[in-house]
Amino acid sequence: MLWHRFGHDPRAFALLDILNRSSVSAQQACDFIGAGKAAASFADLRQADVFLIASGDDQIAACCDALAAAGKLQHGSIVFHCSGALSSLELASASALGAAVASIHPIRSFASPQQVADSFAGTWCGSEGDTTALALLGPAFEAIGARLVAIEREQKTLYHAAAVFASNYLVTLIDVAQQAYVAAGIAPELALKLIEPLLSESAANAFRLGPATALTGPIARGDLATVARQLQALQQWRPQLADLYEQFATVTSELASRKKNS
Numbered sequence: 001m002l003w004h005r006f007g008h009d010p011r012a013f014a015l016l017d018i019l020n021r022s023s024v025s026a027q028q029a030c031d032f033i034g035a036g037k038a039a040a041s042f043a044d045l046r047q048a049d050v051f052l053i054a055s056g057d058d059q060i061a062a063c064c065d066a067l068a069a070a071g072k073l074q075h076g077s078i079v080f081h082c083s084g085a086l087s088s089l090e091l092a093s094a095s096a097l098g099a100a101v102a103s104i105h106p107i108r109s110f111a112s113p114q115q116v117a118d119s120f121a122g123t124w125c126g127s128e129g130d131t132t133a134l135a136l137l138g139p140a141f142e143a144i145g146a147r148l149v150a151i152e153r154e155q156k157t158l159y160h161a162a163a164v165f166a167s168n169y170l171v172t173l174i175d176v177a178q179q180a181y182v183a184a185g186i187a188p189e190l191a192l193k194l195i196e197p198l199l200s201e202s203a204a205n206a207f208r209l210g211p212a213t214a215l216t217g218p219i220a221r222g223d224l225a226t227v228a229r230q231l232q233a234l235q236q237w238r239p240q241l242a243d244l245y246e247q248f249a250t251v252t253s254e255l256a257s258r259k260k261n262s
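All residue numbers in the sequence shown are consecutive under UniProt numbering, ending with 262.
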């Protein structure tokens, strides 16, 4: 995806071309955005000031290499990606040609892109990269409601692991809880209704009071007998989930210790 700066306003861009794996998906992206032209190849891309590589993580470097090889980059070009897991170092071939590079990662769940687009204002975005690139991209993202937080390039993987814990693994835990309720004889739809208030109230308390203060349950109470019984029941039902429960119990015990000492 590439833009041309529009006028003297550093926040204003005109979307030029979108290149996807197929012309059909490129046109669908243009239709979704309401701007831009579907391009058939890197060679067909028009010259632009800013290039966004929004491919899968494993293709970012390759796309940047192809962009550089097509002669589309020059000194002063800006190239960035939105990966949470990879840093702007993936854009080394652009840097070698004098382009400024960056990564800006919206910290949101994109299961529903339209919903994210409609509610983007206030979205936190982890940002790192060359000063020149961020000086231009920062105000542009802020103009659409983003709140940028600077991250260390060298800690990008750990930063993204935090997001995976907060988003992906939370969904997995909901699924595990639902499975356990179903195994206990509760219908799947009803199980989700039982989980929802527990999850929403616990999350709200953790954000309001801090995780240590918000912790409840048998480990927080020191009721290790209940923990042992639950672990035994899980071992009889699904041993791999018993292992997961035991690992969480260890980490939760550390959190409970912080609660007692606070």
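Read the hints as simulated data drawn from the structure, not as lab findings. Heads up, a few of these hints could be off.
Beta-carbon label-pair distances, calculated as ranges [to be verified]:
| no. | residue 1 | residue 2 | range |
| --- | --- | --- | --- |
| 1 | Ala96 | Arg238 | 49 to 55 Å |
| 2 | Leu190 | Asp118 | 29 to 35 Å |
| 3 | Lys260 | Asp31 | 54 to 60 Å |
| 4 | Leu224 | Ile33 | 51 to 57 Å |
| 5 | Ser200 | Thr250 | 24 to 30 Å |
| 6 | Gln240 | Asp58 | 25 to 31 Å |
| 7 | Gln47 | Ala187 | 56 to 62 Å |
| 8 | Asp31 | Ser200 | 32 to 38 Å |
We put the beta carbon where it would ideally sit given N, CA and C, even for glycine.
Hint-by-hint comparison with the structure:
no.: 1; hint: Ala96 to Arg238: 49 to 55 Å; verdict: holds (51 Å)
no.: 2; hint: Leu190 to Asp118: 29 to 35 Å; verdict: holds (31 Å)
no.: 3; hint: Lys260 to Asp31: 54 to 60 Å; verdict: holds (56 Å)
no.: 4; hint: Leu224 to Ile33: 51 to 57 Å; verdict: holds (55 Å)
no.: 5; hint: Ser200 to Thr250: 24 to 30 Å; verdict: holds (26 Å)
no.: 6; hint: Gln240 to Asp58: 25 to 31 Å; verdict: holds (28 Å)
no.: 7; hint: Gln47 to Ala187: 56 to 62 Å; verdict: holds (59 Å)
no.: 8; hint: Asp31 to Ser200: 32 to 38 Å; verdict: holds (35 Å)
The structure fails none of the hints (numbered hints given earlier).
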